[in-house]
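Chemist: Okay, here's what each chain looks like letter by letter:
2 protein chains.
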Amino acid sequence: MREKIQSVDLAKCYLLLNHGPVTLVTTAFRGRRNVMAASWVMPLDFDPPKVAAVISGDSYTRELIEASGEFALNVPFRRIADKVFAAGNASGRDGDKFVPAGLTTFPAERIGAPLVYDCAAWLECKVIPEAHNQQRYDLFIAEVAAAWADPAVFSQGRWHFPDGARRTFHYQAGGVFFQTGRMLEPFHRAHMNPPEKD
Amino acid sequence: MREKIQSVDLAKCYLLLNHGPVTLVTTAFRGRRNVMAASWVMPLDFDPPKVAAVISGDSYTRELIEASGEFALNVPFRRIADKVFAAGNASGRDGDKFVPAGLTTFPAERIGAPLVYDCAAWLECKVIPEAHNQQRYDLFIAEVAAAWADPAVFSQGRWHFPDGARRTFHYQAGGVFFQTGRMLEPFHRAHMNPPEKD
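Top line first, the protein sequences correspond to chains Y and L. Mapped onto numbering that gives the first Met the number 0, the consecutive letters of the first sequence carry residue numbers 0 to 197. Mapped onto numbering that gives the first Met the number 0, the consecutive letters of the second sequence carry residue numbers 0 to 197.
Simulated from the structure, these hints should not be mistaken for lab results. Some clues are possibly wrong.
Since the list can't tell identical chains apart, any single copy or any two copies may satisfy a pair.
Stated by the list, open to error - Listed below are the simulated DSSO-like cross-link pairs for lysine-lysine, each with C-alpha atoms no more than 30 Å apart in a straight line: (1) Lys125 <-> Lys3; (2) Lys125 <-> Lys49; (3) Lys49 <-> Lys11; (4) Lys3 <-> Lys49.
With these hints in hand, go ahead and build the complete structure from the sequences.
Modeler: This is the structure in structure tokens:
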């Protein structure tokens, strides 16, 4: 898999989350691993890049993040929306969720958490311990140690979705998502396509 | 305007931000007011509802939020993407941005910051002071005091965009946005439309 994806410049990796896609949070610690769907995730800083994510206090993912100090944010393709929904509706405490959800993985480079196939982008994150935020708000702040994207959909700092299946998507609630839709370029339109004079 | 919008149950107001749309952050303090575009915004808790937002340290918006302890998150319709871009590319210190950007406003109910017309939803927010987060990460945590939505696009806890103009949208970078696209219902599809047997 590694040879099919491209490293993303860390100073540009906020672009992978800027548009608010749903993510899969993957974790691992001493032979245990887990995956959960998360929408309450955002960039927090450019360089060094940081992210903020809400990880609920009673989740198995939370336990593995606090034990390992690491997690990955995977930005899934909409063609695996069913699997994302499945991963979001079971607990890893009841057994490994990857296989029943149909999610396969490959190794990360800088952290122990696995990365999920059929995603558009990946951010390998190391937690910056902030006990007050974690305990009071379930809020985790992390620095991005490595970032990757599928060059079919993201390259040179820009998303360029080639088809409907390989798009990111966004969570509403209750099993309903929205795919990332049509590109709007108000600035470019205004500046690059001025009204023609006759 | 007030009669055209509906109050959103506070326990459900996270749904207004769950899918990661771009927002306009509005602020006011003692006769001064400002508006900025922001994508680094997310829900933080359900009930009482909280949000997290990154407000850069040198911005006029930051100054007004720290002075007033309040801000509103406006979720704009994609038909005003040009205005959102304009608001995101000027500083309020150089003069009122609303009028040049073509943004008109109406009063909020619980806070002093104005709300922007031509939006899908609004969240009136009161800052929970967290000096460490604000100073170290430009991160503001706030409780939502009131929430509103245009019933043409959001009602009974669900988005239902009627057309292309009245959709939310998401920011990439460099003046490029993506509109909120087609609805995907993997859970509903799987359960409500099983393959027909012949």
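Chemist: Which numbered hints turn out to be false for this structure?
Modeler: none
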